[in-house]
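Can you build the whole structure from these sequences, using the hints too?
Which chain is which? The protein sequence lines are A and B, in order. Taking our numbering, the leading residue of the first sequence gets 181, the next gets one more, and so forth. Taking our numbering, the leading residue of the second sequence gets 6, the next gets one more, and so forth.
No lab work stands behind these hints, which were simulated from the structure alone. Among the hints, a few may not be true.
[As the list claims (entries may be wrong)] Below, simulated SDA-like cross-link-like pairs (lysine to any residue); rule was C-alpha separation at most 20 Å, straight line: (1) B/89 with A/428; (2) B/89 with A/285; (3) B/39 with B/212; (4) B/89 with A/430; (5) A/360 with A/370; (6) A/360 with A/270; (7) A/360 with A/285; (8) B/89 with B/125; (9) B/89 with A/379; (10) B/39 with B/211; (11) B/137 with B/147; (12) B/89 with A/433; (13) A/360 with A/275; (14) B/89 with B/118; (15) B/89 with A/431; (16) B/89 with A/274; (17) B/89 with B/66; (18) B/39 with B/66; (19) B/89 with B/64; (20) A/360 with A/346; (21) B/137 with B/108; (22) B/39 with B/82; (23) B/39 with B/79; (24) B/39 with B/208; (25) A/360 with A/274; (26) B/89 with A/275; (27) B/89 with A/427; (28) B/89 with A/418; (29) A/360 with A/331; (30) A/360 with A/433; (31) B/89 with A/304; (32) B/39 with B/154.
As the structure is a computational prediction, the values presented were derived from the model and not from experiment.
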Amino acid sequence: MQLGRMILRRMLWVFPVAFGVVTLTFFMARVFNGDPTELYVPPEATDALRAQIRARLGLADPIPIQYINYLWDLLRFDLGISFTTGQSVASDLWDRLPATLELGLVGLSLGIAVGIPLGVMAAVYRERWPDFLVRGVTLGGMALPQFWVGLVLISIFFVSLRILPGPVGRLPIGVPLPIKITGFLLIDTLLAGDPALWWQAVRQLALPALTLGFSTASPIARVTRSAMVEAMQSDYIRTAIAMGHGRRVVWFRYSLRNALLPVVTLIGGVAGHIFAGAVLLESIFAWPGLGQYALQSIERSDFAALQGFVIYASLLYVLAFLLVDLLYMFIDPRIRA
Amino acid sequence: MSGVLLEVESYSGAFWSPTNELVPVLHQVSYRLKAGAMTAVVGETGSGKSLVALSILGIQPPAFVHTGGRILYRGTDLIGLDEKEMRSLRGAEISMVFQDARAALNPVFTVGRQLADVYQLQHGGGRSAAMKQAIEALRRVSIPEPERRARQYPHEFSGGMAQRAMIAMAALTCRPSLLILDEPTTGLDVTIQSDIMELIVELSRQRGLTTCLITHDLGVVAETCDEVVVMNAGRVVETGTTEAIFTAAVDPYTRRLLAASQLVEAAA
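So, in structure tokens, the structure goes:
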């Protein structure tokens, strides 16, 4: 009951934070890009035409009125029209979201599934060769830029070994997408009853997901290791050993649960980063996700699209940290009190 | 009362210093714990009394190195045992109560769950049966409303209540022959201290436990213990019955320790 109320209170906090985010976005846009009219009109346009366009874009109104209109549009999920695609920004984002989510979820799961066990192993074999190995590899994973790792993987698995397809997006060139149901190709292909297409999607996903997984696993392994080392030196672990508990119980039940706290925080931050679209990664692999959309909108000064992306990315971080806080309440009883 | 349950024999050890040198900290420590008796190991902080106790269970700090001597439990040298043999003794034969009970319990599991885990480990059986036993153990150490308390976490316990739960875990959920208590009342309120000591004495008598009480509180020792081992700077300086130590101490350090504690009591 008390826990329920705490969760509710934490969730209500999302609204003021989100309000702050969209307000900040609005005013920053006005400061850095005061009059986007110039983007829409040819240089030889008359002043009358400019005024007409300004009025159409709603830029002729005083700032407070613009702000209220902007909030009202947001409430109806109206993020304006992208002039590169000619579509509404909301539907553009919605169309590209599954590509980013699919890559992000697979990459993040890989990172967690590899990172946490590696961290535990390094802590358990502290100052011995498995520890040195994990620390060396993960240092590389953190120091090497993601795009470089991606390029190296492409050159190994596509160019040299020829066992994985090249970086041409979610499916090989010329292969039509299955009927969109969830937008996740790994699911839609199966729903369409086409295992061959599913396999093609898996192969296309392999390299970008590996790249993402490698760069995600590294910080997760390092944080897990240091948190595990700390937990294993604690009084309560000494108690568990003194009572006769075996090593596995001590490591995986009593130490890991405590060590997960900082790891969950880290994963929240990493998830926010990934799902906001790994811009360079998506560019390298021609992945039609949100990161590429953001990059294109910057290149083409597509103001509405960029603003929509910024709002999406910020709200995503707000949600990611909401999830982290909720998970904390389940893992750490001291926060509930 | 005549048999010896545990014998520490010329036990010596050292710490690796940060400069990779061995710094001796225990020098030929020897004492005996008589079966069924309550033996106090007294000495100042840093005298090595806890280190010997941790060595008995094989949970000494990693930087500590054994350099000589034996620890005989029922005639078996504990030093030579491998991890598996040692584990089968922990909890089942030898168990330990630590100083700061709230830190010694795991913060992310309920107190009941931790006791039940130990019960399942030592005696087997299902989860719910183990939880029932855990609640019974909490009731036995006079924790009020044990059903509700079992569902709480260590941070919701006071220091005294946590120490009761710790004692329930080490002495009741485990069924050891030898119970080591490392400064069990340090840091608790004076009235709570005497309650906890009463509980320890009562449980030891009732269960016929051999008890080793590590403390620097000589007042407690005079009231409860049969035998006393005095340690100073990694050495045993004197051993004897409580009566002998308190009335006719031979060693100058023991005399100083006694005089100091009497001064404190006189002042109080």
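In rising order, the numbers of the hints this structure does not comply with: 2, 9, 14, 16, 18, 20, 21, 26, 29, 30 and 32
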